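Protein chains in written order, with the working numbering: chain A, 1 to 285; chain B, 1 to 292.
FYI, nobody ran anything at the bench for these hints, they're computed from the structure.
These numbers come from a predicted model, not from an experiment.
C-beta: ideal position from N, C-alpha, C; glycine also.
Check each hint, because a few of them may be wrong.
To be verified - Listed below are several chain A residues computed to face chain B (Cβ distance under 7 Å; list not exhaustive):
(1) A87
(2) Y90
(3) N110
(4) W179
(5) W183
(6) A189
(7) F191
(8) V214
(9) Y220
(10) P236
(11) T265
What the hints assert, rightly or not - Here chain B is said to cover these stretches of chain A; the calculated rule only asks that three of the stretch's residues, wherever they fall, bring their Cβ under 8 Å from a Cβ of chain B:
(12) 40 to 53
(13) 241 to 253
Stated by the list, open to error - In silico BS3-like cross-links for lysine-lysine, where the CA-CA straight-line distance does not exceed 27 Å:
(14) K285/B x K278/A
(15) K278/A x K5/B
(16) K103/B x K161/A
Okay, here's what each chain looks like letter by letter:
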Amino acid sequence: MNNAKINKAKDKAFQMWGIFCTFLGLVLLAVFIGAIIKDGILRIDWQFLTSLPSRKPENAGILTAMMGSLWILGLTAIVAIPLGIGAAIYLEEYSKKSRFASLLEINISNLAGVPSIIYGLLGLEIFVRLLKFGPSVLAGSFTLSLLILPIIIVATREAIKAVPKTIKEASFAMGATKWQTMWNQILPASFGGILTGVILALSRAVGETAPLIVIGALAYVPFTPSSPMDEFSVLPIQIFNWVSRPQHGFVINAAAAIIILLLVTFTMNAIAVYFRNKWQKKVNW
Amino acid sequence: MLRAKEYIIEKVLFLCALITILTTIGIILVLSIEAVIFFSEVSIIDFVTDTQWTPLFTKKHFGILPLLSGTMLTTLIAIAVALPIGLSIAIYLNEFSPKGFRKSIKPLLELLAAVPTVVYGFFALMVVTPFLQMIIPGLSGFNALSAGMVMGIMIIPFVTSLSEDALFAVPKSLREASYGMGSTRLQTSFNVTVPAASSGIIVSVILALSRAIGETMIVAIAAGQQPRLTFDPTVPIETITAYIVQVSLGDVQHGTLEYRTIFAAGITLFIFTFILNNISFFIRKKYQQRYE
Chain A
1 MNNAKINKAK
11 DKAFQMWGIF
21 CTFLGLVLLA
31 VFIGAIIKDG
41 ILRIDWQFLT
51 SLPSRKPENA
61 GILTAMMGSL
71 WILGLTAIVA
81 IPLGIGAAIY
91 LEEYSKKSRF
101 ASLLEINISN
111 LAGVPSIIYG
121 LLGLEIFVRL
131 LKFGPSVLAG
141 SFTLSLLILP
151 IIIVATREAI
161 KAVPKTIKEA
171 SFAMGATKWQ
181 TMWNQILPAS
191 FGGILTGVIL
201 ALSRAVGETA
211 PLIVIGALAY
221 VPFTPSSPMD
231 EFSVLPIQIF
241 NWVSRPQHGF
251 VINAAAAIII
261 LLLVTFTMNA
271 IAVYFRNKWQ
281 KKVNW
Chain B
1 MLRAKEYIIE
11 KVLFLCALIT
21 ILTTIGIILV
31 LSIEAVIFFS
41 EVSIIDFVTD
51 TQWTPLFTKK
61 HFGILPLLSG
71 TMLTTLIAIA
81 VALPIGLSIA
91 IYLNEFSPKG
101 FRKSIKPLLE
111 LLAAVPTVVY
121 GFFALMVVTP
131 FLQMIIPGLS
141 GFNALSAGMV
151 MGIMIIPFVT
161 SLSEDALFAV
171 PKSLREASYG
181 MGSTRLQTSF
191 NVTVPAASSG
201 IIVSVILALS
211 RAIGETMIVA
221 IAAGQQPRLT
231 FDPTVPIETI
241 TAYIVQVSLG
251 DVQHGTLEYR
261 TIFAAGITLF
271 IFTFILNNIS
281 FFIRKKYQQR
291 YE
């Protein structure tokens with residue numbers, strides 16, 4: 001074999017390796033999910049969805065955890081979406097190219113890299129203790145809001161950047177103010193991109209476990225939250241609690257709860273990808 | 001009237017942006033205040049040199065080294081899995097694969113990062129560990145190996161997506177010059193595009209490292225809760241993050257020394273990820289416009 005042939009063969013070999021790697025993660029994920037479905041699918045029934053936690057695996061259910069997750073999702077959305085979009089608009093359209101602007105920028109990129117458990121420590125000291133919210137839904141939502149803020153800000157800025165300058169200039173030329181331009185032109189035009197980012201950020205919040213454990217959310221809460229000041233549990237914490245128990249019945253419960261959790265996060269991701277594609281197609285400047 | 005409204009809106013938006021600064025200040029203040037009190041009771045020399053971490057026992061030792069070694073061990077295993085696979089995927093998608101394939105596979109790969117980490121923890125403990133035990137007989141039920149490997153799978157998309165962006169940004173002319181010299185796609189990748197995109201690839205690895213160091217639930221579930229100074233991947237260990245979870249689950253009283261250990265551990269974690277994040281930020285800023 002001459003050199004050229006050897007090189008061609010190496011090239012082909014790497015191509016095979018590349019295909020192998022690309023599918024490795026996905027195949028493993030599929031295997032994992034398959035194993036989980038096999039363990040847990042039969043456990044999902046009306047009783048499982050509507051029961052309170054229990055010491056007996058066959059009586060236990062995910063009602064409180066599911067309601068807790070819904071509360072957290074709702075409150076986090078209310079807090080994080082306006083703050084995140086507001087901050088992004090400020091950074092993109094209002095802040096001059098000053099030292100402060102670049103400080104804000106480094107800061108946000110840093111916050112995006114802070115481990116989620118550190119946000120838990122922040123929430124524990126500030127929201128739970130200093131502001132005396134206790135380990136409540138409110139404290140949990142505020143903590144998660146700070147956690148997903150950088151994601152929403154980055155996505156919103158990207159979406160705003162993608163709107164062509166001409167639109168903005170046309171609006172200014174008509175005599176519109178900065179905010180009128182923002183509200184009537186730029187925000188509607190970047191809506192799809194912002195929505196994608198927001199949904200992805202919220203799906204991250206639904207799956208978060210560590211910061212909520214740190215602020216003191218419990219696995220065993222015998223009631224569903226009825227106000228933001230109530231104690232709560234969420235699905236991931238319930239799963240974590242069940243995984244750490246020795247009885248086999250709880251492992252089955254954990255698998256069943258994981259199926260529900262994955263259903264939620266995958267649906268949210270699918271919606272996000274759908275909006276991204278739809279928006280990219282429609283807006284062809 | 002209109003001007004007043006514009007003024008108020010600008011101030012409100014500014015406050016939104018200010019929250020991000022306040023968050024950083026809050027994190028630093030909270031961690032350092034509790035840590036300062038902690039270090040007034042425990043000598044910082046002991047903290048970094050003692051080889052035992054037993055704050056919850058009667059005979060207390062406060063050496064962070066066992067937690068650090070556990071964190072490093074799982075992180076290194078994760079990177080050893082994620083770097084070769086993630087980089088190979090990036091090279092393959094950029095230089096080899098058909099265009100349409102790349103577009104449709106990317107959202108699927110992102111899915112790997114969208115799975116909640118508690119789910120990965122379950123995988124590691126219930127699927128990967130029993131499987132590895134068939135190959136490695138002495139493997140303990142909780143170990144760094146399976147936790148690290150599963151973490152590696154989770155961070156593949158981090159390595160792939162940033163490396164891919166960096167490879168994509170390499171100008172076509174460089175690539176075509178290499179093909180013009182008669183190079184194969186593989187030779188072009190490793191001799192031209194990968195070196196040209198090296199800063200971006202390094203950034204992706206640093207960010208993946210920082211992500212792995214801060215990862216909590218996988219190690220809390222699958223790696224065990226036994227802080228020990230070892231690099232043996234087959235025995236139970238404990239990471240910094242898993243320790244914080246362990247204490248948070250117990251009933252440690254607020255204001256005690258045990259309670260403050262989680263902030264001492266937290267600030268150690270924060271310093272490591274902070275340094276890594278800033279290195280990556282500056283590499284990115286510095287090399288961003290090299291080809292424009």
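Now the hints, each set against the structure:
1. A87: holds, 4 Å
2. Y90: This hint holds: Y90/A lies near chain B, its Cβ roughly 4 Å from the closest one there, short of 7 Å.
3. N110: holds, 5 Å
4. W179: holds, 5 Å
5. W183: violated, 9 Å
6. A189: Nearest chain B Cβ about 18 Å off; hint violated.
7. F191: violated, 18 Å
8. V214: V214/A check passes; min Cβ-Cβ to chain B is 5 Å, inside 7 Å.
9. Y220: violated, 12 Å
10. P236: Because about 4 Å separates P236/A from the closest Cβ in chain B, which is inside the 7 Å limit, the hint holds.
11. T265: holds, 6 Å
12. 40 to 53: violated (count 0)
13. 241 to 253: holds (count 3)
14. K285/B x K278/A: It is violated: about 32 Å lies between the C-alpha atoms, which goes past 27 Å.
15. K278/A x K5/B: violated, 35 Å
16. K103/B x K161/A: Satisfied, since the Cα-Cα distance of roughly 22 Å is no more than 27 Å.
Taken one by one, the earlier hints fail for this structure at numbers 5, 6, 7, 9, 12, 14, 15, listed in ascending order.
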